[in-house]
Each structure stands twice: as C-alpha cells, then as structure tokens.
Amino acid sequence: MPRVRSRLSMLSVAFVAFFFAACGKSEPPDNRAADAAAVQKADSDWSAAAQSHNADSWVAFYADDAVVLPPNAPTLTSKDAIHKAIADLLALPGLSVSWQTTKAEAARSGDLAFTYGTYELTSSDAKGIPTTDHGKYSEVWKKQADGSWKCAVDIWSSDLPVAAPPPAPKMKHHAAKKSGRRRHAR
Amino acid sequence: MPGNRSAALSIVVSFAAAFIAGCAQTQAPVETRKADEAAITAAGSALAQAAIAKDLDKCMSFYVDDPVLFIPGAPAMVGKDAVRKAFQGFLGAQKLQLETSGLIIDVAASGDLAMERGSYTNTITDAKGKTTTETGKLVLVWKKQADGSWKIAADTNASDK
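Protein sequences appear in the order of chains A and B. Taking the working numbering, I'd label the letters of the first sequence as residues 1 to 186. Taking the working numbering, I'd label the letters of the second sequence as residues 187 to 347.
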C-alpha cells in the first residue's frame, strides 16, 4: 500500500507539474517593451531607407493592406497607389526627407502597435529655391506572419499654416483701383 | 489494489479535466473585439456630442492623461493642457457640426489598444457667423483604461485641402 500511495502521489505531482508547465506556456509573456523597441527601430530604419530615394525600399515598410492618408490628397488604399505617390514625392527636385519617432507603444498581444513623431521635408520649387516643410505623423503598425513589423496606417500633417491668400487686403484695394479689369476678373 | 487503481484513475481523469478546462480558458480568451469596437464607436460619438454641446471637460474626459493632438497647420499638441487649449479654441465657435464617415476600427487581440480611421466633415460657424466646411481624414489611437473605458492617446487629422 505505501508503495502504491507513493506512486499515486508521484503521478499527481507529475500531472500538477505538467498542468503548470503547459498552462504557463499558454499565458503569453509580456513583450510590450521589446515590441515597442522593434517598431521604433523599424520606423528609424525606414527613415534611413528613405535616404536612398528609392520608392521600392520605402514601400517595403508598408503592410500589403496599408492605408496612407496624406494631407491635401485622397486616401491611398492600394500598394500601387502608395508606390506611385511615394515615387512622385521622391522625384521632387532637391528632395530631402527624414523623420524621428517621438513615441512607440505596442499592444499586450504583440499584434498591433503605434508610433508618432515629427518629420522634415525640403524640396526645391520651380525656381530651384529650397523650401522646407515640417510636421508630425502617426503610424499604426501590424506584426506580420514572419515576426516583422509593417506600417498599416500612415497619416501626417504640416505644422505650417495654410498659405495665406495671395493678395493682402491693402494690395487688393490698390490693384482694384488701378485696374477695373482686374476687379472684374475677381 | 484494484481499489487503488480506480482511485488513481479518477485522480488522473480529474487532473486531465482540470488541465483541459484550465488551459482552454487561457488559450482562448473571451472574444471582446465586438464589444470593444462598439465601446469605441460609442465613445467617439459621445466626444462629438460633447464638442457640439461645447462641454470642454466632457471632451477632455475622452483623452488619456498624456495625449497628443496633431492637426494641420499647427505644431504637435503634446499633453493634456495643450490638447485642452486646442479644444477650447475649437469650442469657441458659434456652432459646430461634426460628422464622420467610413470609420474602421482595428482592436488588438489583447483588447488594450485599438486604431480607428476614417473621414470627417466639420462645418464650423465662427464667432462672426461665417460658416466654413472642412473635410479630411483622421486616425485615432485608443487605449483601454483600468476601468474598462476607451480613451484617445493620439488624435491625428489631415485635411483634404
């Protein structure tokens, strides 16, 4: 009998151990800090990749179902449309663009994360004079099947006020007085 | 001995049952996505209603303690005071008509983080009675709070023109 009992208790111990080991495994570890760091690194790698002015290497950071919501333009919902918009951007004369993450955070489940930060963009106008824009962006990231993080949603806006209406009120008056035709045109 | 064997068997069976029940619970957490989406939609509507009612405190109650607000034509507003100031200006309008459309919500499997995107149409009548309509796109990052409510951590807008 003692032997049976000890066998029984051994069996119980084994089951309890198995129970904890197996169930402990199904409780996912908290990888939020590591995920946030990975997303921040991807965002910074992305800005570095943008320096090559190559649309393919830029677009590689977007998920296949990414959505880009640029200011002053319609939402881009296909990778082709995104590629074209990025190629157009990179084709701007004298272009220089970079960005810096301010914050990166990931969900407990490690499938969704977000970053936001600031960007700076310089390009030359028609006369070759460089103009600089700066602003802020938000990105939503999704972990891919291979464990990498890709940007699923990208939105930004300029810090600069919308360009003031060309003629100042005083000028407008002056011009209107000077030329009736111009007033008519307006 | 046969008695002991059956006792052992019953222990094994009960452990197996406990194991399956216990693990099934941790492996398949309760699906809260639908409820989370509904809660976020409701919070978004309540925020718009609070803005229309010009209830600044109520508006701010839908933001986390360290939110950011990114609107076109102005630098990033970081922190609750900056966001509150921006809202104060926004609510200074004579009349606000705020509409959203095509909203899509994506909730993390863990139900602690969510993203919402879509389009907005803001019709604003300023203090002088002049009405302007602005259309654009929005992306909101929502975070579930300790009390189960959802609050906005990042509010980004990009106007269409």
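Worth flagging that the hints you see were computed from the coordinates, not collected in a lab. Don't take each hint at face value.
Straight-line distance between alpha carbons at most 20 angstroms, and here's what the computed EDC-like set of lysine to aspartate or glutamate pairs gives [stated by the list, open to error]:
| id | chain 1 | residue 1 | chain 2 | residue 2 |
| --- | --- | --- | --- | --- |
| 1 | A | K41 | A | D146 |
| 2 | A | K84 | B | D346 |
| 3 | B | K347 | A | D159 |
| 4 | A | K127 | A | D30 |
| 5 | A | K103 | B | D346 |
| 6 | B | K240 | B | D267 |
| 7 | A | K103 | B | D251 |
| 8 | B | K281 | B | D251 |
| 9 | B | K329 | A | D146 |
| 10 | A | K142 | B | D251 |
| 11 | B | K271 | A | D159 |
| 12 | A | K41 | A | D154 |
| 13 | A | K103 | B | D243 |
| 14 | B | K240 | B | D346 |
| 15 | A | K150 | A | D80 |
| 16 | B | K347 | A | D133 |
| 17 | A | K84 | A | D146 |
| 18 | B | K266 | B | D241 |
| 19 | B | K347 | A | D45 |
| 20 | B | K240 | B | D292 |
| 21 | B | K266 | A | D64 |
| 22 | A | K143 | B | D298 |
| 23 | B | K347 | B | E285 |
| 24 | B | K329 | A | D45 |
| 25 | A | K150 | B | D252 |
| 26 | A | K142 | B | E223 |
| 27 | A | K142 | A | D65 |
Chain B stretches covered by chain A per the calculated footprint, using a threshold of three residues with CB under 8 angstroms from any CB of chain A [what the hints assert, rightly or not]:
| id | stretch |
| --- | --- |
| 28 | 227-235 |
| 29 | 268-282 |
| 30 | 288-296 |
| 31 | 307-316 |
All values reported here derive from a predicted model rather than from experimental measurement. Positions of the beta carbon are idealized from the N, C-alpha and C atoms, including for glycine.
Quick rundown of the hints versus the structure:
Distance hint between A:K41 and A:D146 is fulfilled; the C-alpha atoms sit about 16 angstroms from each other, no more than 20 angstroms. Using a Cα cut-off of 20 angstroms, the hinted pair A:K84 and B:D346 holds, with the two alpha carbons roughly 19 angstroms apart. Annotation: proposed proximity of B:K347 to A:D159 holds, straight-line Cα distance about 14 angstroms (limit 20 angstroms). With a CA separation close to 54 angstroms, the supplied pair A:K127 and A:D30 exceeds the 20 angstroms bound.
Taking the CA atoms of A:K103 and B:D346, the gap is about 26 angstroms. The hint is violated against a cut of 20 angstroms. Restraint check for B:K240 and B:D267: the C-alpha separation of about 17 angstroms stays at or below 20 angstroms, so the hint holds. Between A:K103 and B:D251, the direct Cα distance comes to roughly 15 angstroms. Compliance with the 20 angstroms bound is thereby established for this hinted pair. Of the supplied pair hints, the one linking B:K281 and B:D251 is violated, its CA atoms being roughly 28 angstroms apart against a limit of 20 angstroms.
For the suggested pair B:K329 and A:D146, the alpha carbons sit about 26 angstroms apart, so the restraint of at most 20 angstroms is broken. A hinted pair counts as satisfied when its Cα atoms are at most 20 angstroms apart, and A:K142 with B:D251 does not qualify at roughly 25 angstroms. With a C-alpha separation of about 17 angstroms, the suggested pairing of B:K271 with A:D159 holds against the 20 angstroms cut-off. With a C-alpha separation of about 16 angstroms, the suggested pair A:K41 and A:D154 falls inside the 20 angstroms cut-off, and the hint holds.
The suggested pairing of A:K103 with B:D243 is violated, with an alpha-carbon distance near 26 angstroms, which exceeds 20 angstroms. For the suggested pair B:K240 and B:D346, the alpha carbons sit about 25 angstroms apart, so the restraint of at most 20 angstroms is broken. Under the criterion of a C-alpha separation no larger than 20 angstroms, the hint pairing A:K150 with A:D80 is consistent with the structure, at around 16 angstroms. Taken as a hint, the B:K347 and A:D133 pair is honoured in the structure, with Cα atoms around 16 angstroms apart against an allowance of 20 angstroms.
A threshold of 20 angstroms between alpha carbons decides the hint, and for A:K84 with A:D146 the separation of about 26 angstroms lies outside it, so the pair is violated. A distance of roughly 16 angstroms separates the Cα atoms of B:K266 and B:D241; the hinted pair therefore holds under the 20 angstroms criterion. For the suggested pair B:K347 and A:D45, the alpha carbons sit about 30 angstroms apart, so the restraint of at most 20 angstroms is broken. Restraint check: the Cα-Cα separation between B:K240 and B:D292 comes to about 29 angstroms, which exceeds 20 angstroms; the hinted pair is violated.
Restraint check for B:K266 and A:D64: the C-alpha separation of about 35 angstroms exceeds 20 angstroms, so the hint is violated. Of the supplied pair hints, the one linking A:K143 and B:D298 holds, its CA atoms being roughly 16 angstroms apart against a limit of 20 angstroms. Between the alpha carbons of B:K347 and B:E285 the distance comes to roughly 17 angstroms, so the proposed pair stays at or under 20 angstroms and holds. Of the supplied pair hints, the one linking B:K329 and A:D45 is violated, its CA atoms being roughly 26 angstroms apart against a limit of 20 angstroms.
At most 20 angstroms may separate the alpha-carbon atoms for a hinted pair to count; A:K150 and B:D252 exceed this at roughly 25 angstroms. A threshold of 20 angstroms between alpha carbons decides the hint, and for A:K142 with B:E223 the separation of about 18 angstroms falls inside it, so the pair holds. Restraint check for A:K142 and A:D65: the C-alpha separation of about 10 angstroms stays at or below 20 angstroms, so the hint holds. Beta-carbon proximity to chain A at under 8 angstroms applies to 0 residues in the stretch 227-235 of chain B; the threshold of 3 is not reached and the given coverage is violated.
Restraint check on the stretch 268-282 of chain B versus chain A: 0 residues with Cβ-Cβ distances below 8 angstroms, three needed, restraint violated. Under the rule that three or more residues need a Cβ within less than 8 angstroms of chain A, the assignment of the stretch 288-296 of chain B holds, with 5 such residues. Figure legend: the stretch 307-316 of chain B, annotated as covered by chain A; annotation inconsistent (0 residues with Cβ-Cβ distances under 8 angstroms, at least 3 required).
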